[in-house]
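> Below, each chain spelled out in residue letters.
Protein chains: 2
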Amino acid sequence: MAGVMQWLSVASRRSLVLSRTAEWNASGTLKTVPLLTRGAHVETSSARIEKLVPNEYDGPLVKTEVPGPKTKELIKELDAVNKNAATVQSFVDYDKCLGNYMVDVDGNRLLDTFAQISSIPIGYNHPAIIDVMKDPANLSLLVNRPALGVFPSGSFPSTLANVLLSVAPKGLSRVQTMMCGTCSNENAVKQALMWYRGKKRGGPPTQEELESCVIGKEPGCPPYTVLSFKGSFHGRTLGCLTLTHSKPIFRLDIPSMDWPYASFPRMKYPLEDFEAENRAEEDRCLKEVVEQMEKGLATGRDVAAMIIEPIQAEGGDNHASPYFFHQLQKICKQFGSVFIVDEVQTGCCTTGHFWAYESWNLPEAPDMVVFSKKMQAGGYYFKDEFAVDGPSRVFNTWMGDPPKLMLLGAVLDIIKRDNLITVARESGQVLLDGLKSLQDKYPDLLSRARGMGTFAAIDCKDPDTMGKVSRIVKNKGVFMGTCGTQSIRFRPSLVFQPHHVDIALDALDSTLADISVQ
Amino acid sequence: MAGVMQWLSVASRRSLVLSRTAEWNASGTLKTVPLLTRGAHVETSSARIEKLVPNEYDGPLVKTEVPGPKTKELIKELDAVNKNAATVQSFVDYDKCLGNYMVDVDGNRLLDTFAQISSIPIGYNHPAIIDVMKDPANLSLLVNRPALGVFPSGSFPSTLANVLLSVAPKGLSRVQTMMCGTCSNENAVKQALMWYRGKKRGGPPTQEELESCVIGKEPGCPPYTVLSFKGSFHGRTLGCLTLTHSKPIFRLDIPSMDWPYASFPRMKYPLEDFEAENRAEEDRCLKEVVEQMEKGLATGRDVAAMIIEPIQAEGGDNHASPYFFHQLQKICKQFGSVFIVDEVQTGCCTTGHFWAYESWNLPEAPDMVVFSKKMQAGGYYFKDEFAVDGPSRVFNTWMGDPPKLMLLGAVLDIIKRDNLITVARESGQVLLDGLKSLQDKYPDLLSRARGMGTFAAIDCKDPDTMGKVSRIVKNKGVFMGTCGTQSIRFRPSLVFQPHHVDIALDALDSTLADISVQ
Chain A
1 MAGVMQWLSV ASRRSLVLSR TAEWNASGTL KTVPLLTRGA HVETSSARIE KLVPNEYDGP
61 LVKTEVPGPK TKELIKELDA VNKNAATVQS FVDYDKCLGN YMVDVDGNRL LDTFAQISSI
121 PIGYNHPAII DVMKDPANLS LLVNRPALGV FPSGSFPSTL ANVLLSVAPK GLSRVQTMMC
181 GTCSNENAVK QALMWYRGKK RGGPPTQEEL ESCVIGKEPG CPPYTVLSFK GSFHGRTLGC
241 LTLTHSKPIF RLDIPSMDWP YASFPRMKYP LEDFEAENRA EEDRCLKEVV EQMEKGLATG
301 RDVAAMIIEP IQAEGGDNHA SPYFFHQLQK ICKQFGSVFI VDEVQTGCCT TGHFWAYESW
361 NLPEAPDMVV FSKKMQAGGY YFKDEFAVDG PSRVFNTWMG DPPKLMLLGA VLDIIKRDNL
421 ITVARESGQV LLDGLKSLQD KYPDLLSRAR GMGTFAAIDC KDPDTMGKVS RIVKNKGVFM
481 GTCGTQSIRF RPSLVFQPHH VDIALDALDS TLADISVQ
Chain B
1 MAGVMQWLSV ASRRSLVLSR TAEWNASGTL KTVPLLTRGA HVETSSARIE KLVPNEYDGP
61 LVKTEVPGPK TKELIKELDA VNKNAATVQS FVDYDKCLGN YMVDVDGNRL LDTFAQISSI
121 PIGYNHPAII DVMKDPANLS LLVNRPALGV FPSGSFPSTL ANVLLSVAPK GLSRVQTMMC
181 GTCSNENAVK QALMWYRGKK RGGPPTQEEL ESCVIGKEPG CPPYTVLSFK GSFHGRTLGC
241 LTLTHSKPIF RLDIPSMDWP YASFPRMKYP LEDFEAENRA EEDRCLKEVV EQMEKGLATG
301 RDVAAMIIEP IQAEGGDNHA SPYFFHQLQK ICKQFGSVFI VDEVQTGCCT TGHFWAYESW
361 NLPEAPDMVV FSKKMQAGGY YFKDEFAVDG PSRVFNTWMG DPPKLMLLGA VLDIIKRDNL
421 ITVARESGQV LLDGLKSLQD KYPDLLSRAR GMGTFAAIDC KDPDTMGKVS RIVKNKGVFM
481 GTCGTQSIRF RPSLVFQPHH VDIALDALDS TLADISVQ
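One line per chain: the protein sequences are A and B, in this order.
Taking this note's numbering, the leading residue of the first sequence gets 1, the next gets one more, and so forth.
Taking this note's numbering, the leading residue of the second sequence gets 1, the next gets one more, and so forth.
Hint data in this document are derived by calculation from the structure and do not stem from the laboratory.
Backbone N, C-alpha and C fix where the C-beta goes; we use that ideal spot for every residue, glycine too.
Among the hints, erroneous ones may be present.
[Claimed, not checked] Only pairs whose alpha carbons sit at most 35 Å apart, straight line, appear in this in silico DSBU-like list of lysine-lysine:
1. B:Lys-76 / A:Lys-383
2. B:Lys-76 / B:Lys-63
3. A:Lys-83 / A:Lys-461
4. B:Lys-83 / A:Lys-333
5. A:Lys-76 / B:Lys-199
[Claimed, not checked] Quick list of the computed label-pair ranges, beta carbon to beta carbon:
6. B:Arg-279 / A:Pro-248: 26 to 36 Å
7. B:Ala-86 / A:Ala-161: 17 to 27 Å
8. B:Gln-334 / A:Asp-135: 50 to 60 Å
9. B:Ile-249 / A:Arg-284: 50 to 60 Å
10. B:Glu-277 / A:Glu-291: 56 to 66 Å
[What the hints assert, rightly or not] Just a few of them, taken from the derived set where beta-carbon distance is under 10 Å, the chain A residues facing chain B:
11. Pro-54
12. Lys-83
13. Val-88
From just these sequences and the hints, can you work out the full model?
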């Protein structure tokens, strides 16, 4: 089969054993495949792989250049409709996708380590999700979209309790559903601002407040602010954009509120080798935070809340230590501000914890935790004391979408049944070890391997190299995401097993070898 | 059946013929029902009603007080989860809903003239929607939620073209999907701001712009504004809230951008009887608009765009004349600003036009038209020239939800097959005539009957009366929405036929009679 590159890996769990050492590249040339040796993880047994998704494909299959001709044609077709198709990577044949494998309209089967921007929880076409969506008992929830704030179904309270509250961060007994990560952040921030203002006011609003807020003026609309961090990403609506400080493309030409921000630590990796330097860097950032809080109070522009990602994702996979987050929580308590953790990307097990913040061992939970993506349903958890103090203050037409909660119910069952938190830890360890090996092997091309669970990344030499890696590795059958200026980021689904890690790392190794000789 | 009020209407289309003159109220007392006579619309034939939704119920059935005991219990249960359940009117048994009838968990069957805040297009459990959701060919789109900006399905471009573009406003050849009305408004406004800034800049952004925008500062984040109107409602995220000027509860305690607004005409109804007064009122508002545009230019705070609802909904069902909108479009052209029409609530046939703006007969379409609600999919149409000028400027993880487009496809087929635009016009005429009759009959209680299609409203004497009407009429088996300070608003689905109007108006008549004698 000329023009066909086929992976035929037969690997035991937690190991890499490729049964062949040659592959066809996209242009039909046979070349040898560098086999990466990863010390303890290499086993010689050819034990059968225990696939978490039944009948999952054995490996990628690249039939055309990626993107292929059909995808290119469809990009033109889509661009004629929305003039916004340049970001499209592939058009996908969702009927054929399974588990970790995405099949595009050109027949290419790619191992997907990006999972729809980190939003596919248990792989494609998981039988448990199919069962839920085919269940006639669920049909009326698919057909009749309710306004959840006014006419929820009779099953809605128990669904919230049994599904969403079953994984609530400890101490956050309340949950508000929303549509997506962005509107969840918008509403969490709103609710925090209402709480802060209510606390300061200490009673019902004045007539002047009620009248002035309708036209967007003080005192009804207070000049309070929400603090965020350099490198942050919290969404793309106007409020969330004010809280976002990663790439220019997000905010260029969009007016902004004048809200404060502080530096997010720029750590050295591996974290354990640079404790002193990293602590100094974190203290520098904490000092900025305190300065902003004090400045806010002094100018009547109180910092009502702080919002932060456990690991800055879009901004380049920036980690901080538990110490940093402990201090932030303390600062929030000191200033009476709401501590909001945006777990839209880190939540739902991908870090090897259900919520990434659990790794910090805080004395108590953050005040609010926002979720979306892998949870499929958007929303936020909050402590009882931060509840809104009246009807219709946090409200919109739909306030969520019940089929997404059905889907999440099935996802949580599978996470539990298949112990997917452990899988994320195990696969994450194999992945991080492998990335470190590759960075040792290609010190001129790679650096700063880092990760928690499968939420991992590595830096390329420069943005151009990142672009090359992403393009070449895709043509070797593996889709990898990017972030920051020059990072490759891994955001696989929760059924990404060690043998998938092996395939991904092998393709990356081969890619780097190609680039090295260029 | 003590405690049961049953409607047994047998009415010919476009007529009201009730077969009984007595009903049981919720407390089990038998009382006479006032039969409203509506001149030309009363016929004596008992011709069979042609139901647009097969097997739809014949009328409401009230078994308990509404809300009933099970709903009250579930409100407590929901409030324990989200502390935000006070807005819930009923918990619904969606399996039992059909057409215009909502059945609650207490077994009450209510004629629904509000349709989930105007968002149910062709009634509950319409067979055409059930067929689409059960179709195995659509299953993978329900199971695998794509990031539409990166990995859309192969069918996505043709779905956009065949579904969304098939009802595009004339001249608006492009469409961008989003999630809900709020994020559609947010992104339409963003895209307008980008366009305006790009036009002023006349070239690529400067290094200073790229650097300053990341931290939310000028010149990268320009001080441009978007003009909105008093009484407006465009959503509840921070950007949309800045554009919203209806009720204090929406904005209290939330910081705002300092953006301009102008008065929306406060018309006298019926419009045709007060042409001179209404023209003067509209000219007063137009003057304010021009002043704000000029002030913006003079201060470097250019009004980049204007956003307006064809009929202000949440703000109290405020209408304006085609003249007003013609002038607004002219003003936008004069100042080089983007003219955005928010048809989230008015769109999709409810006004007797597919888009309400069509009733204005503008020389050309608005620059952007935003939709959601009855369309089920959110998004906005725009003229080619307002397209974004680069990748990833309008983007988020999901950018919509394909099952909602499947649903919309079925809805549009039924709208066409059953000629539902005509139904909205006919039912709307019966409704408006009936409201005018009622306002003649109860001049101390009702005024300002107004409407376009079934998008209709009438004012109550005061907010307290509005509350009473809404509560009592619900207990007579009809759910009616409210808006503004004291309006009852009608927002039925598109299968709301004249015989449903009759049932609704009879219940309203009976309610007003009850209130009159109190």
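> Now, for every hint given, state plainly whether the structure supports it.
Now for the hints, and whether the structure bears them out:
1. B:Lys-76 / A:Lys-383: 18 Å, holds
2. B:Lys-76 / B:Lys-63: 21 Å, holds
3. A:Lys-83 / A:Lys-461: 33 Å, holds
4. B:Lys-83 / A:Lys-333: 23 Å, holds
5. A:Lys-76 / B:Lys-199: 25 Å, holds
6. B:Arg-279 / A:Pro-248: 26 to 36 Å: This hint is violated: roughly 48 Å between Cβ atoms.
7. B:Ala-86 / A:Ala-161: 17 to 27 Å: At 18 Å between Cβs, range holds.
8. B:Gln-334 / A:Asp-135: 50 to 60 Å: For B:Gln-334 and A:Asp-135 the Cβ distance comes to about 57 Å; the hint holds.
9. B:Ile-249 / A:Arg-284: 50 to 60 Å: Distance hint for B:Ile-249, A:Arg-284 is violated at roughly 42 Å.
10. B:Glu-277 / A:Glu-291: 56 to 66 Å: 58 Å, holds
11. Pro-54: 15 Å, violated
12. Lys-83: 4 Å, holds
13. Val-88: 6 Å, holds
Hints 6, 9, 11, counting from the list given before, are not met by this structure.
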